[in-house]
Amino acid sequence: MNILEVEQLSIWDQHSGKALVHDSSFQLRKGSCLAIVGESGSGKSLTCRALTRLNPKSLAQSGKIVFKGIDLTTLSEAEIRQKRGKEIAMIMQNGMSAFDPSCVVGVHFRETLGQHLGWKRRVADDHMIKAMERVMLQKPVELLRKYPHELSGGMLQRMMIALAIVLEPDLIIADEPTTALDTISQYEVIQQFLLLRQTIGSSMIFVSHDLGVVRQIADEVLIMRSGEIVERGTTHHIFTNAQHEYTRYLMATRATLSDHFRQLMEGS
Amino acid sequence: MSIYIVKRMVLAFLLLIIISLITFAFINLSPLNPAVVVLQAQGIPDTTEELIRQTEQQFGLDRPFFVRYLDWGMACLQLDFGHSYVTNQPVWSTLGPAFVNTFKLTLVSSIAIMIVSVVLGVICALQVGKKVDKTVRGIAFILTAMPSYWLAALMIWYFSVKLDWLPTSGMDSYRSYILPVLIITISYAGIYFRNVRSSMLSNMNKDYVLYGRASGLKESVVMMHILRNSLQVAISIFCMAIPIILGSTVVIENVFAWPGLGSLSIRAILSRDFPVIQAYVLILAISFVIFNAISDMINAAMNPRLRNGL
Ligand SMILES: Nc1ncnc2c1ncn2[C@@H]1O[C@H](COP(=O)(O)OP(=O)(O)OP(=O)(O)O)[C@@H](O)[C@H]1O
Ligand SMILES: [Mg+2]
Numbered sequence: 001m002n003i004l005e006v007e008q009l010s011i012w013d014q015h016s017g018k019a020l021v022h023d024s025s026f027q028l029r030k031g032s033c034l035a036i037v038g039e040s041g042s043g044k045s046l047t048c049r050a051l052t053r054l055n056p057k058s059l060a061q062s063g064k065i066v067f068k069g070i071d072l073t074t075l076s077e078a079e080i081r082q083k084r085g086k087e088i089a090m091i092m093q094n095g096m097s098a099f100d101p102s103c104v105v106g107v108h109f110r111e112t113l114g115q116h117l118g119w120k121r122r123v124a125d126d127h128m129i130k131a132m133e134r135v136m137l138q139k140p141v142e143l144l145r146k147y148p149h150e151l152s153g154g155m156l157q158r159m160m161i162a163l164a165i166v167l168e169p170d171l172i173i174a175d176e177p178t179t180a181l182d183t184i185s186q187y188e189v190i191q192q193f194l195l196l197r198q199t200i201g202s203s204m205i206f207v208s209h210d211l212g213v214v215r216q217i218a219d220e221v222l223i224m225r226s227g228e229i230v231e232r233g234t235t236h237h238i239f240t241n242a243q244h245e246y247t248r249y250l251m252a253t254r255a256t257l258s259d260h261f262r263q264l265m266e267g268s
Numbered sequence: 001m002s003i004y005i006v007k008r009m010v011l012a013f014l015l016l017i018i019i020s021l022i023t024f025a026f027i028n029l030s031p032l033n034p035a036v037v038v039l040q041a042q043g044i045p046d047t048t049e050e051l052i053r054q055t056e057q058q059f060g061l062d063r064p065f066f067v068r069y070l071d072w073g074m075a076c077l078q079l080d081f082g083h084s085y086v087t088n089q090p091v092w093s094t095l096g097p098a099f100v101n102t103f104k105l106t107l108v109s110s111i112a113i114m115i116v117s118v119v120l121g122v123i124c125a126l127q128v129g130k131k132v133d134k135t136v137r138g139i140a141f142i143l144t145a146m147p148s149y150w151l152a153a154l155m156i157w158y159f160s161v162k163l164d165w166l167p168t169s170g171m172d173s174y175r176s177y178i179l180p181v182l183i184i185t186i187s188y189a190g191i192y193f194r195n196v197r198s199s200m201l202s203n204m205n206k207d208y209v210l211y212g213r214a215s216g217l218k219e220s221v222v223m224m225h226i227l228r229n230s231l232q233v234a235i236s237i238f239c240m241a242i243p244i245i246l247g248s249t250v251v252i253e254n255v256f257a258w259p260g261l262g263s264l265s266i267r268a269i270l271s272r273d274f275p276v277i278q279a280y281v282l283i284l285a286i287s288f289v290i291f292n293a294i295s296d297m298i299n300a301a302m303n304p305r306l307r308n309g310l
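Line by line, the protein sequences give chains C and B.
Taking the UniProt record's numbering, the leading residue of the first sequence gets 1, the next gets one more, and so forth.
Taking the UniProt record's numbering, the leading residue of the second sequence gets 1, the next gets one more, and so forth.
For reference, chain C alone in the conformation it holds in the complex (with noise of 0.2 Å):
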């Protein structure tokens, strides 16, 4: 069973008429992962985002999103902001600028779940300090008085893992979560997402650069190249048997960059 499908989802700029995303379909089946892989510019944030519609106002998107059985771009602004978070989770790439610079960390969490679940502070600090422990993070208590500035991009990113972890949606959508991090914290968050998917059996959309973080986590993978999906394909079938010969070009390239991570990952 499909639990997203996206049908011919276009993206463009409202000012210049540029086309940014060009008639994009895919599906994605309950409980598995889908990479999206594809160059810088190539159109992968501008998908995640439209799926929630929250490109800003200067980009217009046509198109049908299905999220299981409803079509979200047909919601009102309201019903889709109950949906944001709490059915569809966002993990930016980012860490250490995604959250307000002028607050300790635990406010966003709060501020959230209380939106979603209606729960007072010591409530969601409570449930939030379970996920952070089991997400590995040693001392949360500590930790929610912290400002991001305190925190390294690893932490931050396995926090926002923990607050999914909380509010149990049915599909992450991780926009390059290890591309800002260092090859030992890469491989830790990398496995809190291995198990974010075992816990609570979440679909996910996984974007990255790395090709042996995509083998790593995905079922299926989507090859974009200037906002367009040229292949799409099992991992496995990705992997063996690329056809298009641009999708042949990034697995050319990858090798270098991701030998020291797959040693970490065959290690383990």
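The set of hints was computed from the structure by calculation and includes no laboratory data.
Keep in mind that the hints are not guaranteed to be accurate.
Each pair of labels, with its calculated beta carbon distance range [said to hold, decoys possible]: (1) K68(C) <-> D207(B): 26 to 32 Å; (2) I5(B) <-> G114(C): 48 to 54 Å; (3) R145(C) <-> N299(B): 17 to 23 Å; (4) S202(B) <-> Q138(C): 31 to 37 Å; (5) D207(B) <-> T183(C): 20 to 26 Å; (6) D13(C) <-> L163(B): 19 to 25 Å; (7) D207(B) <-> E79(C): 20 to 26 Å; (8) Q138(C) <-> G129(B): 42 to 48 Å; (9) T183(C) <-> A25(B): 56 to 62 Å; (10) N205(B) <-> E245(C): 35 to 41 Å.
Using 20 Å as the maximum straight-line C-alpha spacing, the simulated SDA-like pairs for lysine to any residue come out as follows [stated by the list, open to error]: (11) K130(B) <-> K130(C); (12) K120(C) <-> K130(C); (13) K57(C) <-> D133(B); (14) K57(C) <-> K218(B); (15) K57(C) <-> K7(B); (16) K7(B) <-> S295(B).
Where a beta carbon is used, it is the ideal one built from N, C-alpha and C, also for glycine.
On the provided structure of chain C, position chain B with the ligands as indicated by the hints.
Chain B with the ligands only, in chain C's frame:
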């Protein structure tokens, strides 16, 4: 945070000492012998050696530099800035009330400037690129390009003379404040609201706003975070505007015959009344240092990253 406050206060204190030393030195390094200036200021034409020595003794001008500086500094702390060379009155007896008058005008104007800058800045940022934004920015551009004395004359002519709604000059009731405050506000808020606007705009494009929305937070909650981060600019504006206006009310005070520091300092400078000039410069410098420190502390309270900067 408390460590930051202590550090910042120590820094402010050091600055004050340096500034007072410089102020004192400048006045004393002036090529004119102060004793001669005193005599001239008092209208005595013949300055004999005898008379000069007498005057030096009378004003303690014959003692070493640092002794005089320490004496002067201690006295300043008690608001004793010596006696005017011209009137022989204690400096503070004329400077004090003038300072209070200017400070009142400055404070009211700064509050007005902050409110107007924030309101316009926020509105323009929310409506960026739309008609409201363009109109406000256009009008602000024209208004700030006009010289303030010309604007003042125009407004006096219209509101005070033609319509007879407001007093033309002086400082009699709250109505006397309206025109001067309006003109000062126009010339500063027209510049400062752009800072609020651009700070809002840059915050609206930050990742934390996207993550807040993506987490399903209400637009009002997201907006509070944007404001919280943008308003640091507003507080800096407020704290920086006070000393700047304090030091630049000369034109407005002269147009509106406001009995403040501006008019007083001009008179003091023209008659070379050193103790008054010294006190005036010192007061301005002190308010710069103090309001700068306050602004830094408030900003550090709001933006934790700044606390490590000192
Ligand atoms: N707000 C916007 N207005 C106009 N054009 C935009 C906007 N945001 C993105 N674009 C353009 O859309 C294209 C795709 O951007 P997108 O951010 O989706 O790329 P990406 O595949 O995520 O790249 P990266 O790997 O660098 O994150 C880019 O060419 C970009 O310049
Ligand atoms: Mg991107």
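Comparing the hints with the structure gives:
Distance hint for K68(C) and D207(B): a CB-CB separation of about 28 Å, consistent with the stated range 26 to 32 Å. Separation of I5(B) from G114(C) is about 32 Å and departs from the stated range, judged on CB atoms against 48 to 54 Å. For the pair R145(C) and N299(B), the supplied restraint of 17 to 23 Å holds, since their beta-carbon distance comes to about 21 Å. About 34 Å separates the C-beta atoms of S202(B) and Q138(C), a value consistent with the hinted range of 31 to 37 Å.
For D207(B) paired with T183(C), a C-beta distance near 23 Å keeps the hint of 20 to 26 Å intact. Taking 19 to 25 Å as the suggested C-beta distance range, the pair D13(C) and L163(B) does not conform, at roughly 51 Å. Between D207(B) and E79(C) the C-beta distance comes to about 25 Å, which sits within the given range of 20 to 26 Å. One distance hint, 42 to 48 Å for the beta-carbon pair Q138(C) and G129(B), holds here, with the actual separation near 47 Å.
A hinted range of 56 to 62 Å for the beta carbons of T183(C) and A25(B) is consistent with their spacing of about 59 Å. Between N205(B) and E245(C), the C-beta spacing of about 36 Å keeps the proposed range 35 to 41 Å intact. Pair hint K130(B) plus K130(C) does not hold up; C-alpha atoms about 47 Å apart against a cutoff of 20 Å. The straight-line distance between the Cα atoms of K120(C) and K130(C) is roughly 16 Å, inside the 20 Å bound, and the hint therefore holds.
A distance of roughly 17 Å separates the Cα atoms of K57(C) and D133(B); the hinted pair therefore holds under the 20 Å criterion. Between K57(C) and K218(B) the alpha-carbon distance is near 17 Å, which keeps this suggested pair within the 20 Å criterion. A hinted pair counts as satisfied when its Cα atoms are at most 20 Å apart, and K57(C) with K7(B) does not qualify at roughly 45 Å. Only pairs whose Cα atoms come within 20 Å are accepted, and K7(B) paired with S295(B) is accepted, the gap being roughly 14 Å.
In this structure, the hints that do not hold are numbers 2, 6, 11 and 15, in rising order.
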